[in-house]
Amino acid sequence: MDETKHLQHLQQATLGERFLIEKVDIRGEHKRRLLDLGFVPGSVIEVLKASPLGDPTSYRVAGTVIALRKEESQLIWGKVMSS
Amino acid sequence: MRTYTVALAGNPNTGKSTLFNALTGLKQHTGNWSGKTVSLASGNYEYKDTRFRFIDLPGTYSLFSNSADEEVARDYIIFEKPDVTLLVLDSTALERSLNLALQVLEMTDRVIVCLNLMDEAKKKGIKIDARKLTDQLGVPVIPISARNNDGLDTLSEQLLLMCTGQTRTTPYRMKYNEQLESQISRLESELRDIFGDEYPSRWLAIRFLDGDQKLIATLKHRLSVSDKGGMTHGAAQALGSSNSGHSC
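As they're listed, the protein sequences go chains H and E.
When you read off a place in the first sequence, starting at 1, and then add 3, the result is the number in the numbering used here.
Note that the numbering used here numbers the second sequence so that position 219 is 206, with each residue one more than the last.
A few of these clues could be false.
What the hints assert, rightly or not - Restricting the straight-line Cα-Cα distance to at most 25 Å, the calculated cross-link-like pairs of lysine-lysine (DSS-like) are:
{"#": "1", "chain 1": "H", "residue 1": "73", "chain 2": "H", "residue 2": "26"}
{"#": "2", "chain 1": "H", "residue 1": "73", "chain 2": "H", "residue 2": "52"}
{"#": "3", "chain 1": "H", "residue 1": "34", "chain 2": "E", "residue 2": "201"}
{"#": "4", "chain 1": "H", "residue 1": "82", "chain 2": "H", "residue 2": "52"}
{"#": "5", "chain 1": "E", "residue 1": "119", "chain 2": "E", "residue 2": "162"}
{"#": "6", "chain 1": "H", "residue 1": "52", "chain 2": "H", "residue 2": "26"}
{"#": "7", "chain 1": "H", "residue 1": "34", "chain 2": "E", "residue 2": "162"}
{"#": "8", "chain 1": "H", "residue 1": "26", "chain 2": "E", "residue 2": "109"}
{"#": "9", "chain 1": "E", "residue 1": "201", "chain 2": "E", "residue 2": "35"}
{"#": "10", "chain 1": "H", "residue 1": "52", "chain 2": "E", "residue 2": "119"}
{"#": "11", "chain 1": "E", "residue 1": "109", "chain 2": "E", "residue 2": "119"}
{"#": "12", "chain 1": "E", "residue 1": "119", "chain 2": "E", "residue 2": "207"}
To be verified - Among chain H residues calculated to face chain E with C-beta under 7 Å, some are:
{"#": "13", "residue": "28"}
{"#": "14", "residue": "35"}
{"#": "15", "residue": "36"}
{"#": "16", "residue": "41"}
{"#": "17", "residue": "44"}
{"#": "18", "residue": "57"}
{"#": "19", "residue": "74"}
In short, the hints are calculated from the structure, not lab data.
Predicted model, so just to flag it, every value in this text is computed and none were measured.
Every residue gets a Cβ at the ideal spot worked out from N, C-alpha and C, and that includes glycine.
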C-alpha cells in the first residue's frame, strides 16, 4: 500500500504534461470502467485542459479525449514524465 | 435457404452502422431482445445464395456489463450465439479497440475482425500488418473501409467460409497467473458439468471469479426456466454452491 508514497497522483500533473500510470487505486465497477477507457498501468496519458472551474480535467488516453473529476484523478498514481 | 446470424460488435463510432448499412442496403428494422428496452437493428444481406442476418449491437468499450448497452451486447453473444461475431475495430485507434477484441475472443471462437477506417489510418500514416495481427489474434483479420465499400468482398467471402465451417480459428486467450489459472480450471470443469457446452465455460469461470452477480443471476434464471423443461435436477443448487467463496 505504501508504495504509493513515492508516486504522484494524476491531479498533480499540469497542462501539457505527460503522465505514466502505475496504479489505479479504485475499486469495483469504477476501476473496470477506467481500465476499459485506457487508464491502464503502463500507459502514458497527456493532460489536455481543465474546465473553467478547474474540474473536471480532460486527458488524451489511447487516442481519445476523456475527462475525469478530481475524485478519480487523485486515485490514479504514477509519475509525471519530463518532456 | 438457411440464414446465418452475424453480430456486429465494436467501440462506439468505429463504423459498425456504416458497415451494417453498406451490406444490408439500409433495409434494417429494429427489434427488442429478451425484455430489454435497448433495441438492436437487424437487416439481411445475401451473398452467393447465402443469407446473413446482421445484428447491430450497441457500441461499447467493454463487455463487463457496466451499463445496459454492455449487458445487451454481451448477452447477445453468449445467449443468442450468433454464427459469427464481426468485430469492427477503428484502425486509427487500435490500442483502444483491442481491449474489447480480447474480451470477445474469450467468449467465442467464431470471430472475424474488421479493421475499419483504413482510409483514415492511411491518411494519418498508420500502417497495420493485418497478417501478423491474424497470427497473433488467431482469427481472420480483414482491412476494410465500409464508407468506400473497400474490402467488403473479402469480408463476405470470409463470412461465408466461417458460417459454413470452413475456417478454423485459434482465438488468443489471455493467460492469467498460476493461482488464478488453477481456480479457473477447477470452476470451469464444475461449470461444464452443469451447462455442458451450452456456454463458454472458461469465460463463465472467469466471470464467476470476478464476482459478476448479474451474470450469475441471469444463469440461475435460465436454469430454473429450463428445469421446468426437464433439465438435470438440482443444477441450480449446484450453481449456487459453486459460487460461494469464489468472488473476490
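Going through the hints against the structure:
no. : hint          : in the structure
1   : H:73 - H:26   : holds, 16 Å
2   : H:73 - H:52   : holds, 13 Å
3   : H:34 - E:201  : holds, 17 Å
4   : H:82 - H:52   : holds, 18 Å
5   : E:119 - E:162 : holds, 20 Å
6   : H:52 - H:26   : holds, 22 Å
7   : H:34 - E:162  : holds, 21 Å
8   : H:26 - E:109  : violated, 34 Å
9   : E:201 - E:35  : violated, 41 Å
10  : H:52 - E:119  : violated, 37 Å
11  : E:109 - E:119 : holds, 18 Å
12  : E:119 - E:207 : violated, 41 Å
13  : 28            : violated, 17 Å
14  : 35            : holds, 6 Å
15  : 36            : holds, 6 Å
16  : 41            : holds, 6 Å
17  : 44            : violated, 14 Å
18  : 57            : violated, 27 Å
19  : 74            : violated, 18 Å
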